[in-house]
Amino acid sequence: MTDAGAAQIGGVRFLGSRRVYWRLLLRGALLLLLTLGVYRFWLATDVRRYLWANSEIAGETLEYTGTPLELLLGFLVAIAILVPVYAGFFLAALDLGPIGQMSGLIAFLALGVLGQYAIYRARRYRLTRTIYRGLRFHQDGSAWAYALRASLWWLATFFTLGLAYPFQVASLERYKMRHTYYGDLAGRFDGSGLRLLLRGLPMWIAIVTPLAVTVGAFIEVVDWQALADAAAAGGDDVMSKIEGSNPAIGGVVVFALLMAGAAVTLAAVLYPAFEALMLRWWSSGLRFGDIEIRSTLRTAQVYGAYMRFLGYSILFCIVAAILAGVALLVVGLLTGGDTTSLGGEIAATATLLGGYVVIALGFSTVYRATVKLSLWQLGMEALQLSGLPALDQVRASGRASSALGEGLADALNVGGY
Amino acid sequence: MRSMSAGTKMVPDTNMPSGAAVFFDGKTSARHQALVVLAPEALLVATPDGRMLAEWRYDELQELAAPAAVLRLGRRGNAVLERLEIFDTELAAAIDTRAPHVDRTGLSQRRHRGSVIGWSVAATASLLLVAWFGIPALAARIAPLLPVAVDRKLGDAVDMQMRSLLDRGNAGAIECGAAEAEKAGRAAMDKIVQRLEAQAALPGKLRTFVIRKPEANAIALPGGQIYVFRGLIDKADNADEVAGVLAHEIGHVAHRDGTKAVLQAGGLSFLFGMLLGDFVGGGAVVIAAKTVLQSSYSREAEASADAYGAALVNKAGGNAHGLATMLSKIGGATEPGMKILLDHPETRARVAAINGIAAPKSTTPFLDAKEWAALKRICAE
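Going line by line, the protein sequences match chains R and S. If you read the first sequence in the numbering used here, its first letter stands for residue 305, the second for the next number, and so on. If you read the second sequence in the numbering used here, its first letter stands for residue -17, the second for the next number, and so on.
Hints are computed from structural coordinates only; laboratory data are not their basis. Glycine residues also receive a C-beta, built at the ideal position from the N, C-alpha and C atoms. Careful, some of the hints might be misleading.
Rough simulated footprint, nothing fancy, chain S against chain R, three-plus residues with beta-carbon under 8 Å [unchecked claim]: (1) 425 to 434; (2) 437 to 449; (3) 580 to 587; (4) 662 to 672; (5) 688 to 698.
If you only want the chain S side, here are some residues facing chain R, beta carbon under 10 Å, derived [as the list claims (entries may be wrong)]: (6) F6; (7) V98; (8) I99; (9) S102; (10) A105; (11) A243; (12) G248; (13) A270; (14) I339; (15) K343; (16) P347; (17) D350; (18) A351.
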């Protein structure tokens, strides 16, 4: 007998083999394609079972007990709830009065709040399906209170151009962890929003500066009065009128495009560093009773994960190019003649569409198998736990919750793992 | 294989397979080093010194998610999360052969998955059938049940958007027929509309507008608003052609095609947007499927509006061939692009269908020469 991890008590290990994960994802992608997405409940469950089961904390692995049928049922219930909501917005949009005018905005805000509600409920589902040493994690607290909190924070973050974001994450994480339990061991979150802000500020400045310069240039150069007059006059040739009133506007637009390009490039280059910062900061704030967690994740490791993604992507591009060549050949054969039949057209469309979906699914699979898995593995292996003796006398508490939150999150497209 | 010390509750039997394991009782997180013995009818768990911890029947055993090297067992349907972890592959194999619900080969899981895939594919196929046949049939049944006020409301909403799109700023009114020089043209238009409307038996009153736009087109909104663009009147060679197009548009109003289209779009969004396709790349599938299906619905609606229009002109005593000649003028000989994306049937087929219905025995022209000349000048400005 080999008592796995006995030598490493106190540490966290990831035991999974990448090959098994690749196989799981590739099979999943193929079945997603065949079932037009219905298979996603089974794939999500498989992925979680794999990730949980291979994460070993203090010598014991986690266990995921959720089932695909629970997710499917949660999704169907969510649809039943959302249909009247969507129907209501649809009817409101037909109204000619102020309600109809505002219905788009109201729908956006209402669905945003509902999305936050779903995120909290989905977290509850995942926690109560997580078993460790024969005990369940669970989460109490009100999902509506969380949704309200999260929505207000999102507004604050929006209006401060992201500067409130560190405080948002810290506040929401405090709420979540305060209501999180392992058995009867209460969790809490000790991360500081201010510290996160100070760490992230250089990145924020690097991305916002080019955008700010652009806005400044617009204010400086453009004759706003003339622009407003041109827009108000309307007619068929608004663009030429705008140009006539503002001869310098062409140069400014080019400058703005260059600066926006610079900001986007910088954001893409800095994103792995941002991800590493967030993951390290978040992990280091997690507490369960006397158990404290610290993360030693290095930024270079996360860049390494992205380099792997790039490498596999190039490989996949080559395969995709060959596939695309074959697909185009098939389409050419089907539509080459003068009299194209309806059947030929449908086949050609299906081929092109299938090619697109294969490529999109392929990139997403490569991303999940490289970046997502590496982040999980690196994030886990960088953890250092202290206060572990507390683990020996935790008592069972909490019950399994419904998967409605997962279903809502799925229907509203705000899912996680 | 170990033998147990004497004087304990568990009777040792060296013939039974046994081995070490880790046991969690589901009440606390304490980790128990345990000894597992495979008795004939149950799996026994004891402390190394022989105190019984658990006794699980083989048919209760359930295999749970664990790393590849570990067999993790629980009890089926048990609210208490007792867990037994076995690291010894021989012992794990011995349990596998005894417990009906433990299957380390993954065969039963594969079989289960196979049936899931079969059902999912069947469900997808049935959704596509519902989209192709069910939704247009449903929309056709539901639309007549809705009060006409719904059509009018929809029409007003579209009308507002259309007018803001057509708005020419300060370049003049978008509607023709209001200025003094245009009044005679407007009267001629009203004469055609009234003659058709008298035969149409519509639930509401028609409202027709001539729009100062060069495109040769006409649009019917739900609730009875019909827009005719001046380009159409410019291209027409006689009043029967204009009347034919108007009759076609009246067909859309009578069939309540606007309301049907809204119902169809809603149904498709629900079917594809919500039930299917929430995966990477699925958005494109949904958009393509919706476009193709909506084009097919639209082709059907156009064909039946043609049939209605030709029959209406017949009833009003006009020459229904006018619609066909007008269509071949604006439709052209061949249309580029893919047939499955066309929202009208092919012009040749439409012309043939209309000419099949047209029955011009003793027709009365819709306008006399003077009135026709006035209609041509309806957008005099």
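Hint-by-hint comparison with the structure:
Counting residues of the stretch 425 to 434 of chain R whose CB lies closer than 8 Å to any CB of chain S gives 0, so the stated coverage by that chain is violated, three being the minimum. Only residues whose beta carbon comes within less than 8 Å of a beta carbon in chain S count, and the stretch 437 to 449 of chain R has 4; three or more means the coverage holds. Three residues within the 8 Å Cβ limit are the bar, and the stretch 580 to 587 of chain R against chain S gives 0, so the coverage statement is violated. For the stretch 662 to 672 of chain R, the stated coverage by chain S holds: 6 residues have a C-beta nearer than 8 Å to a C-beta of that chain, and at least 3 were required.
Counting residues of the stretch 688 to 698 of chain R whose beta-carbon sits less than 8 Å from any beta-carbon of chain S gives 4, enough to reach three: the coverage restraint holds. Among the interface hints, the one on S/F6 holds; its C-beta lies about 3 Å from the nearest C-beta in chain R, closer than the 10 Å criterion. Given the 10 Å rule on beta carbons, the hint for S/V98 holds: about 6 Å separates it from the nearest Cβ of chain R. With a least beta-carbon distance of about 6 Å to chain R, the hint placing S/I99 at the interface is held under the 10 Å criterion.
Interface restraint check for S/S102: the shortest CB-CB distance to chain R comes to about 4 Å, inside 10 Å, so the restraint holds. Contact between S/A105 and chain R, as hinted, is supported at the beta carbon level, the nearest pair being about 6 Å apart and thus within 10 Å. Interface restraint check: S/A243 against chain R, minimum CB-CB distance 14 Å, threshold 10 Å, status violated. Annotation: interface hint on S/G248 holds; nearest CB of chain R at approximately 6 Å, less than 10 Å.
A cut of 10 Å between beta carbons decides the hint on S/A270: the least distance to chain R is about 5 Å, and the hint holds. Because the beta carbon of S/I339 sits about 25 Å from the nearest beta carbon in chain R, more than 10 Å, this interface hint is broken. Violation of the interface hint for S/K343 is found here, the shortest Cβ-Cβ separation to chain R being roughly 37 Å, above the 10 Å cut-off. Taking 10 Å as the C-beta contact cut-off toward chain R, the hint placing S/P347 at the interface is violated, the least distance being around 37 Å.
With 10 Å as the threshold, the beta carbon of S/D350 stays out of range of chain R, its nearest partner Cβ sitting at about 37 Å, so the hint is violated. Of the supplied interface hints, the one on S/A351 is violated, with its beta-carbon coming no nearer than about 36 Å to a beta-carbon of chain R, more than 10 Å.
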